[in-house]
Structure formats: structure tokens, C-alpha cells
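Peer 1: Given next are the chains, with one letter for each unit.
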Amino acid sequence: MDKRFVYLDHQATTPVLEEALQAMLPYFREAYGSPSSLHRFGLQVREGLKEAREKIARMINAESEEDLIFTSGGTESSNLAIKGFADANHRKGNHLVISAIEHPSVMNSVEYLTKHGFEVTQVPVDAVGRINPEDVRAAITDKTILVAVHLVNHDIGTIQPVKEIAKITAEKGIALYADALAAAGWMPIDVQDLGVQLLSFSPHRFYGPKGIGVLYRNRKARVTSHIHGGVQENGRRAGTENVPAIIGAGVAAEIAVRDLSKRVEHVAALQKRLYEGLWKHIEYIKLNGPEPGPLRVCNTLNLSTEFIEGEGQLLLLDYQGIAVASGSSCVSKSLKVSHVLSAIKLDHALAQGNIIMSLGKDNTVEDVDYVLDTFPKIVHKLRNMSPMWKEFEEGVIDSVIKPTGRGKSFTEHAAAVSGKAAH
Amino acid sequence: MKETKEYTLYNDTVMDHFLNPRNMGDVQEADGVGEVGAAACGDIMKISLKIRDGKIEDARFKTFGCGSAIASSSMATELIKGRTLEEAKNFSNQEVVDALGGLPPVKIHCSVLAEEALKAAIEDYEAKQAPKTAAA
Ligand code: FES
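Chains as they are written, first to last, in this note's numbering: chain D, 562 to 984; chain P, -19 to 116.
Isolated chain D (complex conformation):
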């Protein structure tokens, strides 16, 4: 097949919709006033902001558009949700419950709090990355003020039982914060139906611009501001609004709602085609997270290809025009495998061979077929280069995915040759 460019990293970010871009442009040079100003330049922009806020509120069925706080991005939103809530509620208790596989912006915000008198319980997940709501119940103490769980895992695509968890937190009178970063735009979100008090997301994940994040926070959840200055966002987030980005986010939200079922249907069909094709053409490959279906977000596949490492796969795919991500330790600056893969207790050898492909609305069947044509060749090339593949064929080491009963495990082998246990 002819080389083509296939972007399969939509969980990292997406291109801005044409409609969103066109709506943003006048706000750079024509409608450039500050929404805080009282003159007509300001009032004009204020009206645009209000409309954008209403569109975003509708996307998640917020009780009121006043419940939305605009921030600089998903990361700031999680920071504000967690640290802001903890700050505002520390008199009620100092304990938080999160899952073991939250986004780094949640994990690290919580870790920061543990250095300032808070305690945290991390609820484990099962082999496909699902949180058991009963584990959340068991983790709650009389000091717990907040439970934080994501709607969809950013790495392995697992959809979490947030509604069931919300029943438990409601029963106990505790606030629930849901990080919807990997979910927004790819499944319906209704904050009232879910029963969450805080929820955040980032419009650049669904064809809005970067530099804008949203935090929904209803009247039951108080948060203390962390960016101090003027009284923008009702005093909850100071600083002149990123007007063009908010306008673009509004349009992206409106279209995400309008096109949701069409997008989901299209992307889920590609996901299925990719999944079935890869499994047909490549041996010793494992899906991380649930099978495509009701427990998995429609746009991602997270896979581990045995006997080869992930960065090599990523680079060769990139060379062929296919953009993907990887959770391999070689790819991360800390040289650790993704904490999500560790939490689902994925064997180290498989975590090393990790690749994440996330589809978008503009991907086509031809794109998927190109990947299905290209990826098996890459796997073949890298396996030829890998000492592990030959050692597997010779029975020195065994496969984790399809054990033959011959040879020791890769992990034992790696520990023996490196003189150190794999992390």
C-alpha cells in the first residue's frame, strides 16, 4: 500500500474544527476587548463568552452555566478540583480516595496534598483497569472529604462505574470529582445523572483549541481559588479569560453534542476493524483494558506486542507515517513504565512492548487498512532484531501471552542479565 499519514494519537490531542477556528478568528483582532471591561468592546466579548459557556454547560447537562470555571487546561482543572476542594474543606477531614490509575494531574495533585497533612487511599483496579465501587466504599473513612475517579482511563480506555460510585459517595455525604479528560467528546456526559459534584475536561481532546480547560463544580462543592488576582470566573480563577479559546471550545462542545452518535459509530467501527485485523495478523499480542464494547471507550486500543519494545515500534510506525503513543519505560522521561500498566499488573516484558492507538473522526477505513498492512511488518522486523524472539523460539524464555511451558519467564531472564529485578 502507498505510504500515507495516519494520525492515531487522538487521546493526546486533536486538530481544531474548521467551524471552531472560524468562530475564534474575529476574537483575535475585531472583538479583542476584555470581558471585564464595561465599554462596548468588553460587552461584545462578554456576550460571546456567555454563549460559549452555555454551549459547554449543555454538553454535560450542568444545572447552570455559572457552575463552569474556565482554566488553562485539563491539568489546571484537576489541580483546582483537588487542591481547591481540599483547601476549602480541610476542616471536615483530611482524607481522599482515588483510584490507582488516575491521570498524572490527579495523582500528582493528591501527592502534593499528602505533603501538606492530607492522607490518601488508592483503590486498586482489576486486570482490565475497572474500579470496584465496593472498594471505594471500603476505603472511605470518617475523615474522607473527596473521592476522585476518572470516567475513562487515558491509557487503556476502561470506562469506570462512576454512577455507582456516586451512589456510595452520596450515601456518605462525600463529594465526588470525576476527571472526564479521556471521555469528553467520545461518550455522553450528564453530570446530574452521574451524580458528581466536580468534573473536568479539556476541549482540545474533542477538536477544540488547546489552552482552555473546564471545571464543572456545583453548589455542593466549594473550591478555593489557587490563582489569585482579579474577580474573573466569579472570583474562582483570576486572570483575563483566554477568549478565543473559550469561543472555540464552545463551538467544539456544540458540535460534539450534535455529532456524538455519528462520531462514536464511525470510530467504534474503525476500532473493531483495527482490533480484529491486528489480532488476525500478529501473534503474541495482548489487549490492555476491556475488549471493544460497553466497558471500553470507542476510540482507543492499547496493546502489548511480545518480545519487542514500544519505542522502536513507535519510531518505525512514525517512519511509515503512522503516529501513535507508547507506555514503555524507554519512552518515558522517568524510564518507568506507565503507572496504569503497573496497576493492572501487566508483566514487565509486555509493558515494554506497549503501543497506544487512538482513533478520531477523520480516520478512515483506508487508514486502518494501511496500519494493518504496515504494523505486522514492523513487528516482524523488530522481532528479528530482538534477542528475546530467538530465545523464545529456542525455548530459553517463555511467552507470557501464550505460555508453552518451556523456558523461564522474560522477567526472570531480564533480571538475570541485568543483575536487577525489573520494576
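Hints are computed from structural coordinates only; laboratory data are not their basis.
Ideal Cβ placement from N, Cα and C applies to all residues, glycine included.
Some hints here could point you the wrong way.
Unchecked claim - Taking lysine-lysine pairs in the DSS-like style, the calculated list, with each CA pair at most 27 Å apart, reads:
#, chain 1, residue 1, chain 2, residue 2
1, P, LYS(-18), D, LYS922
2, P, LYS(-15), D, LYS922
3, D, LYS942, P, LYS(-15)
4, D, LYS771, P, LYS(-18)
5, P, LYS99, D, LYS969
Unchecked claim - Chain P is faced by these chain D residues, among others (derived, beta-carbon under 10 Å):
#, residue
6, TYR880
7, GLN913
8, VAL978
Dock chain P with the ligand against the given chain D, drawing on the hints supplied.
Peer 2: Then chain P with the ligand, alone, in the frame of chain D:
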């Protein structure tokens, strides 16, 4: 901004050695084989050597690791061929890094893996030689 397709993670030399690795494979009836693992990231590299008259006649590698590790093992085997064992024992990863035109700081350890695999292969050769010399 250049065009998207003109960007690569590593420089041209590293990319070339990664995409077209030299000396990939196993030396048949090798005189010395070294297999080492990176404690940092868990990757594995294997170098096999053919040694004649105290010189490295052939060197081949196999690598389970990142692009830098593959490029480093390709470059290391290129550099080492034709050297005497004494020279090879002084081989340092810095030579690989320089010949590759530099590696990102976080990827220097991948070149260390190449140095270690080479030295392990020489040790293996010498260990195999020892009984023969003792018997003679
Ligand atoms: S071999 Fe793992 S980072 Fe290079």
C-alpha cells in the same frame, strides 16, 4: 516550522542506524557472546564476536530496546570490528555517542548497554580461552 514529515525524534545518523542497522544478527559459531540488561529501563542487548589472532573479525548484535539502543548497538559493532582485544577492552560508550552525533541525555544509558554487551562478550571469550590455555 518545517513540514510535519521532516521531523524525527533523533538526528539523521541515529535514525539511519536505527532504520538500517548494521551487523544485526548472531555471529555463527561465535567465540564470545555477551548478553546484558539495562537496570534502568529493563532492555536487553546481545553482542556476539568472531575473534581471530587477537582481533575482532566480526561483531553482531541483537537488541530488545529503544531506538537509541538499536542505533547504539549498530554503531558499536561497526566501530569495534578490526580492533584488537586490548583496544576493545578500553572501548567506551562515549565513542558511540560521539559517532552517532549525540544522544538525548536520558538515552545515554542505552549506549552504555552497548559497551557492557561488548565487554561481556570479550569476558565470555576469555573465559572460554582460559581452560584451553591452561591445558596447553
Ligand atoms: S534501551 Fe530502554 S531507553 Fe534505551
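Peer 1: Taking the hints in turn, state whether each one holds.
Peer 2: The hints, checked one at a time:
1. A threshold of 27 Å between alpha carbons decides the hint, and for LYS(-18)(P) with LYS922(D) the separation of about 26 Å falls inside it, so the pair holds.
2. Among the hinted pairs, LYS(-15)(P) with LYS922(D) is consistent with the structure: their alpha-carbon atoms are about 22 Å apart, no more than 27 Å.
3. As the CA atoms of LYS942(D) and LYS(-15)(P) are separated by approximately 22 Å, the hinted pair is consistent with the 27 Å bound.
4. A C-alpha spacing of about 21 Å is found between LYS771(D) and LYS(-18)(P), which places the hinted pair at or below 27 Å, so the restraint holds.
5. Using a Cα cut-off of 27 Å, the hinted pair LYS99(P) and LYS969(D) holds, with the two alpha carbons roughly 25 Å apart.
6. With a least beta-carbon distance of about 6 Å to chain P, the hint placing TYR880(D) at the interface is held under the 10 Å criterion.
7. Interface hint status for GLN913(D): upheld, as the beta-carbon distance to the closest one in chain P is roughly 6 Å, under 10 Å.
8. A hinted interface residue such as VAL978(D) counts as satisfied when its beta carbon comes closer than 10 Å to some beta carbon of chain P; here the least separation is about 4 Å, so the hint holds.
No hint from the list above goes unmet by this structure.
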